[in-house]
Amino acid sequence: MNEENQVEEQPKPLILEKLEANHADALLAQDASRGTVVVVIHKDQVSAVLEYLKTDPELAYTFLVDVTAVDNSQMESELMQFDYARFMVVYQLYSFQGQCRLRVKVPVHENDLNIPSATGLWKSANWLERETYDMFGINFEGHPDLRRILMPDDFEGHPLRKDYPLRGRGERESFNFEKQNV
Amino acid sequence: MGLDFVGQGAGETDGNIITTTIDKVVNWGRKNSLWPMPFGTACCAIEMMATLASKFDLSRFGSEAIRFSPRQSDLLIVSGRISIKMMPVLKRIYDQMPDPKWVISMGACASCGGVFDTYTLIQGVDQFIPVDVYIPGCPPRPEDLIDAVLQVQQKITSGASPKGVEVVYE
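Here the protein sequences come in this chain order: A and B. Residues 1 to 182, numbered by the working numbering, are exactly what the first sequence covers, in order. Residues 1001 to 1170, numbered by the working numbering, are exactly what the second sequence covers, in order.
In short, the hints are calculated from the structure, not lab data. Even glycine gets a Cβ: it sits at the ideal position worked out from N, Cα and C. Just to be clear, a hint being listed does not mean it is correct.
Listed next, the in silico DSS-like pairs over lysine-lysine satisfying Cα-Cα at most 30 Å (straight line) [what the hints assert, rightly or not]:
#, chain 1, residue 1, chain 2, residue 2
1, B, 1155, A, 123
2, B, 1155, B, 1024
3, A, 43, A, 54
4, A, 54, A, 123
5, B, 1155, A, 162
Not the full set, but computed from the structure, chain A residues with beta-carbon under 10 Å of chain B [claimed, not checked]:
#, residue
6, 40
7, 145
8, 147
9, 157
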């Protein structure tokens, strides 16, 4: 009668077991439901955990698919969950060896937007982190060339933040031709 | 073309002399050999390619010679959305085209921003460059682009100057 009891217990993914064994203090939350493994990592240990995920021979998450961020400022429940951290930096990883994906989330507070850069581990993090900086204003420490990548160089503000007006702040009517390098 | 036969019924010159004006001859040439400069940034460019390809075949109207150098073209087809980062590039390409030059603003995005009423998109290229013919649609069908080219041809035939040229009458 009770459907929940009929569902078979899925075996715990290897990645979660290994993270619990080696980086238990960095692991803020985990979820493996619906076939997607998600871990939330404390910002102070993000470099160590990412390096572990890449270099561990059993895990070998060698491919950084995407780096992006989420602005939770209009989602009260998400904000409260991790000590009112407004932003969540998201790393999407893929392991060719295990043919499995992993999503690593890192809460970032609005008053401290610094987070260590992953460019030392994955070269592909370079442009992805530039995009995240451009759109959200996350400051990736140790990035070799943290400039805007999509918006013009003289653009002010970070347009994917929830408090940025959709129609802009008048820049589309008043931008300066001559100042931009063509 | 403004041809007039003269010498009707005057013996040996009968019907063998024609008169016209330089302007009309030159405009006739311009009209039938428009060389478009494509500025395709979005799905409208796909329709533009279809217009140029064999099925719709813009060469029937004399403008199949697509030039990717603005210095060799006289018809700018802006097909697609233009961001504030792209607008200086478009402006520079327009400035590099030799006079006389005509501009077609193809589709809703180029003409008014379309559905992209956002911080980064130009709400109509006519704020920055003069546009002769607008095409509505999202994206417009190739027939619409052909119609726009024919309207440009009409404009040339009628002797009207392009929108971007200031005519000084002496």
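- Query: Among the hints numbered above, which are violated by the structure, and what are their numbers in rising order?
  - Reply: 1, 5, 6, 7 and 8
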